[in-house]
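Chemist: Listed below are the residues making up each chain.
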Amino acid sequence: MAGLGRTLAMQAINSLIILFVILVIISVMFVYLNQKQLEAVVIEATQMFVRNLERNPNLTPEQKEQLAKAFEYNMRVRFGLIGSPAERIFNLMTRLITLDLGNARNAYLGASTSVKDQIVFALKNTIILFTTATIISTIIGILLGMSAARRAGSILDKAVSFVAILSSSIPFWWLGMLMLLAFSFKLGWFPYSAKDVYVAVARLQAMLQAGQLDKLTYFLKYLYTWAYYMVLPLITVVILSIGSWAYVTRNIVLSKLTEDFVMTARAKGVPERKVLYGHVLRAASPPIVTIIALSMVSSLGGAIITETVFGWPGMGLLYWVSLSNGEAMLLAANVYVTVLLFIIVVFALNFIYAILDPRVRTGAATYTPR
Amino acid sequence: MPSRKRIKEIFLLFVKSKMGLAGLILLIILASLAVLFPVVGDQEKINNWRNYEYWIDYPKKAPPCWAQRNSFPTQIITGEDTVSYEYKVFRVNDLTVHSYIVRFIIERNTPTSMNLRLNVSYNKTTYVYIAIVRPDGQIVNLTNNYESPTLTSMRTVFGVSSSSYNGTVYKNLASYINNPQIANLYIAPWLEANNIAVGSTELSVLSSKGSQIIFMKLTPAILTNPELLEGEYKLRVDIISRDESVSTGFVSLSLIGTCYGVLGTDVYGRDLSQAVLYGIRWALIIGLLVAFVSTLAGGLYGILSGYYGGLIDEILLRIAQIVYSIPVLPLLIILSYMLKPSIWNLVGLLIAFGWPGTALVTRSMALQLKEETYVEAARAFGASHGRIILKYILPQTLPYLFASMALGVPGAILTEAAVSFLGLGDPTKITWGRILNEAQASMATVNGYWWWVIPPGLMIMMAGTTFIFIGYALDTVLNPRLKR
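Just so you know, the sequences run in chain order W and C.
So that you can map any letter, position 223 of the first sequence is 223 in the working numbering, and since no number is skipped, the others follow by simple counting.
So that you can map any letter, position 399 of the second sequence is 769 in the working numbering, and since no number is skipped, the others follow by simple counting.
If you're looking for bench data, these hints aren't it; they were derived computationally from the structure.
Because the structure is a prediction, the values reported are computed rather than measured.
All C-beta atoms, glycine included, are put in the ideal place defined by N, C-alpha and C.
Warning: the hint list may mix true and false statements.
[Said to hold, decoys possible] Derived DSS-like pairs: lysine-lysine, alpha-carbon spacing no greater than 27 angstroms straight-line: (1) C:K740 x C:K761; (2) C:K431 x W:K186; (3) C:K710 x W:K36.
[Said to hold, decoys possible] Over the 12 angstroms line for every Cβ pair with chain W, so calculated as not near, a few chain C residues: (4) V453; (5) V467; (6) E517; (7) S533; (8) S545; (9) N564; (10) E572; (11) S615; (12) I655; (13) Y694; (14) F751; (15) Y762; (16) P769; (17) T785; (18) Q810.
Generate coordinates for the entire structure from the input sequences, incorporating the hints supplied.
Modeler: And the structure:
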């Protein structure tokens, strides 16, 4: 187990370095680019304040000057404009890590205006959506890939390869728009905005408390409500993820099928089903997990944006909201948390890999492509 | 370097594979559309893409005409279409007449508006005569004509001073006709001249639907059960002036229906087919540039790392791994937000994050290649490191580099589309992502503007598959080990 521990430690260090690099990039960019805008905001607000002071006849000029200075200082503290650039970068980094970023102008998602609360709310919804989608697409994808490998060259096999190619060049969010056009606009089966799921759930809860519903109907209706609002985004993500799961599984299983242990198992008279799902899948799963982990890094970003289209109140929608409202801090926090989420997912997958693969070696072994 | 014969062999193998051929054909189509845009497309529309005034006459949110079978296809005849109109100058008594006859086709339905624009300049009293000449030879006057006791003044029709004016005059003829007074003065007499009685009920029909009635078959039931008279119509516009030095120019006649062109229009009335076509250029530029530079840079980086080995390798490998594990899109979002939104910034950022994948592979290739006997032999002959890398190691990795270059294109196109979709794209460039961003901002899905959503995405998909096909085909041809 020493090897496992070392691998995980190396992994953790790598992940921390990545996180640190990204925090530095965000903070430096903020200090050098965005603070000019903030500076302008502070100066404008101060001028406004001074103009208002001028109208007050009860104050002496010295008092007015003092008040103006205090006002400007307060504004600067609020916008993080105090100290040397290095200090500012450091301050911003610590504030990003703890998500201590004050309030946004509006409660875009959830009930609170606090940046932290909105991010946590969005994170929760993103996790709900993508965990479900990943579980579904993993199961379907692996089963599909196995059947394709078993009948290499068949129509199913060709279809899997074709769908994989096609789905790697379709933007998730565009498919989402198509889904809405087909199932919400044309057929009217599903809602346009998934945001309302919380309103609907709250209504159910109120009905439960008022005694209009018994526990069982409440539970069924609760499930139905979530499904009703979640089905379209879920299907969109699943459709486009299945292809790569199936294709990767097919290729790896195909290469494993030629190995000696498969022949041995077959020679022993192990049923073909058991050979495939017992022996081969066991041996194929570590590389499948690695490749998926790497492909996730590049595709999850695009997948998250899909939320924008459906109005699913997660981090993807938060990107759209913070960009269209010019909420720089909300955007920065969202980027940081998205990266954090990626890193945790990849770390977890590598952990699974380390457990699945008995030959765990350190460092590059988990990263060697192909 | 592979010989010419080998290249030919590879090409033949490549074309023989179905994927390779499909990819090549798609690439040729895309590339020729991109290069020939000035011929197939309309450069003027692209230049005026952000000039919303230019699109004022176009129907807004109009679906494509092939999908809207029974709506009038929008026609916009401008002064430059010299074949579509005739221009004559003649004199009637002491009046100078500038006469324009504009031909247009009425089919499927009637236009919802008819916008006429003219440039005029005069310093003495000026009149105007407008009439529509129908395919059945009927002439429908829309103003007083030469036989009337007086002519209609410029003020009555265009609302500008009749004694002196210099500039553009504009009138929506459809709303001009749909007016009780005009119906009574001109449309009703035309119908009565053709033995159709016009009472007060008929007059109220005319004042709401007169602009449609004038395009209907002249039957006794023209008002109760109108039937469209399809064919070539002519709009006659005479500017009649006491000023001998009057000057005029035909600007445009826009006959607007409820559908437009091949791909319809967006909320500003802009012709989407042009944007979708023009988007090919940027997709190819972004995709190819990013893939080429990042593959080459990554390839060299990996070779250097693998070739030198030791501590250098360790450090270079760590850096590459870190950059490789950075999720690009979130970072691109915040960087594009803070930097000036420019397409070149985006290309630079995509390259900056796009190289490590190739680097990791070429590194492991270089690790093997440097142990080969011919490399050792070269070293024994005293070849420099640079020579060994460029002459003996790089050529061996080229097949891989070509394939990974092709496979890198879709990623770049997709990422650019995602960034533009979020509204962070270059506002001066028309890309597919930006079209979809505008569609999303106008709630195209809620309003069912499918013609605005489907084509740009299909193009992204097509561009992506093109390069994946090419990449896979190259991979199987150049790296025969992978053949299954």
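Chemist: If any of the earlier hints don't hold here, list their numbers in rising order.
Modeler: 13, 17, 18
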